[in-house]
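Please work from the sequences and hints to get the whole structure.
Those sequence lines, one after another, are chains Y and A. For the first sequence, counting from 1, position 9 maps to 9 in this note's numbering; every step adds exactly one. For the second sequence, counting from 1, position 258 maps to 1258 in this note's numbering; every step adds exactly one.
Check the hints yourself; a few may be wrong.
Covered stretches of chain Y (chain A as the covering partner; in silico rule of three or more C-beta atoms under 8 Å from a C-beta of chain A) [what the hints assert, rightly or not]:
| no. | region |
| --- | --- |
| 1 | 116–128 |
| 2 | 162–170 |
| 3 | 181–195 |
For the record, the hints were derived by calculation from the structure and aren't laboratory data. Where a beta carbon is used, it is the ideal one built from N, C-alpha and C, also for glycine.
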Amino acid sequence: MYAGPVQDLIDELGRLPGVGPKSAQRIAFHLLKLPKEEAVRLARAVIEMKERVALCARCFNVAEGQECGICTDPRREHRVLCVVEEPRDVVAVEKTHEFRGRYHVLQGAISPIEGIGPDQLKVRELLARLEPEQISEVILCTNPNIEGEATAMYLARLLAPLGLRVTRIASGLPVGGDLEYADELTLGRALEGRREVGA
Amino acid sequence: MRLRHLWLVDFRNFPSVELEPAPGLTALVGANGEGKTNLLEAVAYLATLSSFRGAPGEALVRAGADRAVVRAELDPQGEGRGSTALVEAELHPAGRDRVLVNRQPLRRASDLAGTARVSVFSPDDLALVKGGPVHRRRLVDDLLVASSPRLAAVQADLERVLRQRGTLLRQAGGRLGADVATTLDVWDAKMSELGDALGQARASLVDQLEPLVAKVYDQVAATAAHVALTYHAPWRVGGLAHALAAARTEDLRRGVTTVGPHRDDVAFAIAGLAARTHASQGEQRSLALALRLGGHQLVAEASGTPPMLLLDDVFSELDADRSAALLVHLPMAQAVLTTTGPVPGALAPELVVRVRDGRLEPG
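Written out as structure tokens, the structure is:
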């Protein structure tokens, strides 16, 4: 146990994801040693973020203002929607520069263990967007794990009767990798999802 | 695999020992409680990173020591084939164990599968015959993963789906609202896909295992007893999707998944009679050993190199005739066995080591 304020900070840091008691202690003492202005800069960044950033009213990505930069960008193709679990997935897809449509962030995946069902996700909000925005294709871009797959399957069933194109991202081998280093499951999936090669 | 050299530091009751097992059979002799099984446990630990006795990690570190070290030089491909690997495991009573393969940190325990592999028989294996279905499912599933590593992911995913589905069933509290129904449909679809794949794999494994086990049993028991293995998975008749749909009301009422691969069993019969209820104690012990040795052969054939065979206290399990039959039948690979009594003459191990209070002496 340390003097009041130090222990308070350690406790707060220890609540962050991926930070254990040891790391919390190390960070706290690092901050204690820092010049005051640097520590204040960090504190201000946290406050700024909480005050200025909220979720986009349309797609639930992080946004400064009412809607996020992608939703307000007139150059984006507005009839194609990429459905992801978290805002960080938006960043990942954006880095590819392959996708010119807009996003819809579910804010999680179906997982009863964590108490998350369709009602806890932005599913109703997704359905409400389809007609007004004249969406013609929905790309299901959830994680390729059990919960992500289940969420994709749930959405696919929900969207199937609505007469729009519903696609799921492929899973397979990393580009530039070697077959011999691929794990069996990934390689198995890649074989399953093989494509005809045009002659 | 072929174990060339083993070093232990503060593992169980061994302060510091080293052993160079023979290429063929090594016998560890000594009274009870001297540490024979601990030595087998250390070798098996290198392959699975867990104790075959189900002991927690802290039990493996010698009392008072802050860590245990298991180090081994081995040939993953077997005697004189491929290159030698150095596997080092550092066990801490509290906190995470560290494993290095050729001085490189190991990322996943399953990556060891290609380097160190063992088949273990221990007196506890009588549970395969006399215990609950969980023991038999584990036997089949472990053999599946050893012969086809891809299935480990199917098993893990299926377990995860079962947990998610079970939680959803309990949350529903017996009522099937429209929302629960659609979510349940999704988990059912996922579970059917995985369950059908696992059921198929288990069925074909049991088919392959049966003749191997029957042959070993006949050799061990010195009879022609006709041992039969039958895989019990009633849901496979119409497929898992159909079975789950039929059981849905019951599942909702009880808040658990009542059908599926997690309820499967394998029945053993000797000369047409159920081994669990009708076989004698001696027959049951012979069958348990035959299951392990049959499984060992299956993995050896599937992977091309036999795992190292570890036989704990095998003579206390069988009478003299049966012991002799076992020895004749020992597969042509490296093996280590433990015994409290004298080593039977017909056996002629290449190396006999006496284990006495945490030390090793020439036998």
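Legend entry - Verdict on chain A covering the region 116–128 of chain Y, criterion of 3 CB contacts below 8 Å: holds (count 3)
Legend entry - Stated coverage of the region 181–195 of chain Y by chain A [criterion: 3+ residues, CB within 8 Å]: n = 3 at 8 Å, threshold three: holds.
Inset, instruction - Quick one: see if chain A covers the region 162–170 of chain Y, three-plus residues with Cβ-Cβ under 8 Å. - result: The restraint on the region 162–170 of chain Y is violated, since only 0 of its residues have a Cβ under 8 Å from chain A and three are required.
In terms of the numbered hints stated before, the structure departs from hint 2 and from no other.
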